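Chains as they are written, first to last, in our numbering: chain X, 1 to 484; chain L, 1001 to 1362.
In case anyone wonders, no lab produced these hints; they're calculated from the structure.
Treat each hint with caution, since some may be false.
Using C-beta positions, here's what the derived DEER-type ranges look like [to be verified]:
no.: 1; chain 1: X; residue 1: Asn159; chain 2: L; residue 2: Arg1178; range: 54 to 64 Å
no.: 2; chain 1: L; residue 1: Ile1181; chain 2: X; residue 2: Met424; range: 21 to 31 Å
no.: 3; chain 1: L; residue 1: Arg1178; chain 2: X; residue 2: Leu420; range: 41 to 51 Å
no.: 4; chain 1: X; residue 1: Glu396; chain 2: L; residue 2: His1041; range: 43 to 53 Å
no.: 5; chain 1: X; residue 1: Trp412; chain 2: L; residue 2: His1041; range: 51 to 61 Å
no.: 6; chain 1: X; residue 1: Tyr474; chain 2: L; residue 2: Tyr1245; range: 48 to 58 Å
no.: 7; chain 1: L; residue 1: Ala1170; chain 2: X; residue 2: Pro306; range: 29 to 39 Å
A few chain X residues that face chain L, going by a derived Cβ cut-off under 10 Å, partial list only [stated by the list, open to error]:
no.: 8; residue: Phe120
no.: 9; residue: Leu196
no.: 10; residue: Met424
no.: 11; residue: Tyr474
None of these values were measured; they are calculated from a predicted model.
Glycine included, C-beta positions come from ideal geometry on N, C-alpha and C.
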Amino acid sequence: MSFNSFSYALFLPLVLLVTHVLRRRVAGRNAFLLTASYFFYGSWDWRFLSLIWISTGVDYICGRLLDWKDMDVPIPDEAWPRRKAILLISLLCNLVLLGFFKYYGFFVESAAAFLETIGFRAHLPALNIVLPVGISFYTFQTLSYTIDVYYGKLRAERNLLNFALFVAFFPQLVAGPIERARDLLPQMRMARPVALEVFYSGFYLIGWGLFKKVVIADNAAILANDVFAASSPAGLASLIGVYAFALQIYCDFSGYSDIARGTARCMGFDLMLNFNLPYFAVNPSDFWRRWHISLSTWLRDYLYIPLGGNRRGIRRTYINLMLTMVLGGLWHGAGWTFVCWGIYHGLLLCFHRVFQPGMARLAAPLEKSFPISWFAARVFLFFHLTCISWLLFRAESIGQAWSMFRAVMTDWTLGGQVGLSAMMQVGVCAAGLVCIQIAQHVKKDMDVVLHSPLPVRALLYLAGMLGFIFLGEYGGQSFIYFQF
Amino acid sequence: MADSHSSISSSDPKSLPRAFLLALLLFLMLETGLRFVDPRHLIPYNENFPFEHYAVRYYLETAGPADISFIGSSRIREAVHLPTLADLLAGEEDLSRMSCANYGCSGASADVVEAVARLMMRQEKKPALIIYGVSPKQYLGRESNLDVCSVYWNFGDWYRVRSLHGEKAAKYFPDVFRTAIGRASLVFRYRKRPGDLASRLFSKKQVLTCPIRGEPSAWHTKLAGRNMRTTPTTPDKVREHLEYYLVDGEYPMSEEKLKCVQNVIDLCQSNGIPVVLLEVPVADILLEHYPPGTQEKFLEMTQRLSVQNNVPFFRSAELGAVLSDESFSEESHLGVKGAVVYTKAVYQTVIRPRLKPVASGP
């Protein structure tokens, strides 16, 4: 059951109604929400519910065993070996499941290809494993809980029902945001009656997210798919295809996050902001503070910092950055294009770290004299650097990415891959999105539409309705991040 | 990230319903405004799937079926030249007010035609004559083309088909729901028109002519000069065309599809509408490449229907239209010249004798 499906349109009002009725009975509400979440997930493939149950059970038990009752008292040295063993059990269980379902095929294929290049013809067992939807998201979410309890930053959850709901909470179960236990679990423990205005703002978020998905992302997908499916698209067509994909992936994923946040908000839960105008980033560090914030902060807190972060010298900092980004790339998918995507972002971060101080000094006069133009130029430049990464992300192979990149650099013809009608539709959608985002950026307010004067708001809502009607793609296309 | 969790109470959307209601009001004004415009000119027409079916549905729901309605696949759509028929009707005093339209759609087999006929019969205005263009393609395959048929369904149809086909049909509920919205809202119904007009304006393409509106078919306009003498069809091309449909070397005509034609006849007869089965002409080269027995089986099935239901079945040869390679744009479809000749013959042999007594009645 996807957020943009008809069945979700029936499911959501029912869940909201029952949640409202049970708003003062925490246990009843949580039991209902857990059942609804399992139903939601089971509608894809009920067999994979068992993986969620394993993850829930293992991390609940490990959490209880790791629980440190007095958080003000440091954990004594003699307790650490036992704690490490328990943490290892949790890590192994979760990562083995993730590795098996997500990476087995990739590693077997890569190993077979490698053996063949050195002269061995190996017949490694290939299992056609279906990737359980959302496994990367809920695995990371439960891991963060156990790691926080391990370090004594968080008390373990005693109530299994609350913990199971934390793992399986349906709005963010299949594609995030990857929530932290310290933020979400306390919300699960208390009654959360929803004020009418909060309900409205949640409803607005759902509408905005759906608009981004159904109107913008799915139209951009038509354009991008046509270009990436072509055998050798012309340069200008490739460029348009990459722009379209940049728009698609942003609106698809941030649209999902908005619907997730809106749904949770309508039930009285607050999920974290996952996207903060990422295409207004002026450098790679800025980009990762704005794009998929829940994953980038997870990688920072549970990978980059434990690896030593920037505290162990310059060389080690670069190694840590590269490792974090390569693993971040692999998290997205089991494929060499994702590895290259991670390497590319790692390199961008390293180069930025090297050249940023010098560049800042050189650019200071420009920034002072022409602040807006300088900002726009930086946004423009970094957007195109991001587009190169999207080329790697979307391409079927590194060869395809390279041939499209070469075409963009050498051949400025349009070819026959881009339909005028699709381009116009995407252009109209993109223009609307850019206008709203400029307003959000200038006013520094993500809810700029909600805070605009009544006539403006009404016209924007009308434009939204007409956008849905005239430009909406109702094929129910899957969200891109479901495959991760 | 302390700022990642935006506070729920940070926004101030107290006036959201007012703005939303105002937007709804503006929308209703637009909807009302549309009802003052002749909506038939707003329905976008495109001969490609699925837009052609949407056009058929919306025309039927907006203007009702024409007095003389042609149904079938693209073969009947291309076989009839409606301006010629309109001229012929205009020449007869008592037939001059009769409207004509062609609801033939690309690739439509009998189950799809049945869905069109059901929608037609639900309209208040009924046709005076239905001409069903038949060819072996009408009986092609056993499986129902539910994806196409669902375009024409209402909730009742969906429920009926669901009880026959189960989950295969159930999944089309969202499409039926959207159809229902399109039935209620003109803005939704004509939603593809602005984009269609804009893209044609920018690409400097002509707006397609629409046989549902009584105009020539879009192919007749776009490919007016094309025929099989100037652009010959090779045997390889015909074989490639047929290859797509063949199963184990046979052209698979089924009793299930025959039943659908039977249902169309039943629907017409129960509504008191005369119906005629008309063999649609195809080029000799296509007939020669059908697997042996295909044409004979088609004729046997159609004649059986004709006799059982007392419905006239006209063979192409009986109409007296002289068709040559120059008449066909390719092996399956008549070009403009052929369609003009064929339309005149159909008018003289099929339409006039059936409508003249009605039109000249009390």
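Hint check:
no.: 1; hint: X:Asn159 x L:Arg1178: 54 to 64 Å; verdict: 44 Å, violated
no.: 2; hint: L:Ile1181 x X:Met424: 21 to 31 Å; verdict: 24 Å, holds
no.: 3; hint: L:Arg1178 x X:Leu420: 41 to 51 Å; verdict: 26 Å, violated
no.: 4; hint: X:Glu396 x L:His1041: 43 to 53 Å; verdict: 44 Å, holds
no.: 5; hint: X:Trp412 x L:His1041: 51 to 61 Å; verdict: 40 Å, violated
no.: 6; hint: X:Tyr474 x L:Tyr1245: 48 to 58 Å; verdict: 30 Å, violated
no.: 7; hint: L:Ala1170 x X:Pro306: 29 to 39 Å; verdict: 50 Å, violated
no.: 8; hint: Phe120; verdict: 43 Å, violated
no.: 9; hint: Leu196; verdict: 8 Å, holds
no.: 10; hint: Met424; verdict: 6 Å, holds
no.: 11; hint: Tyr474; verdict: 6 Å, holds
Taken one by one, the earlier hints fail for this structure at numbers 1, 3, 5, 6, 7, 8, listed in ascending order.
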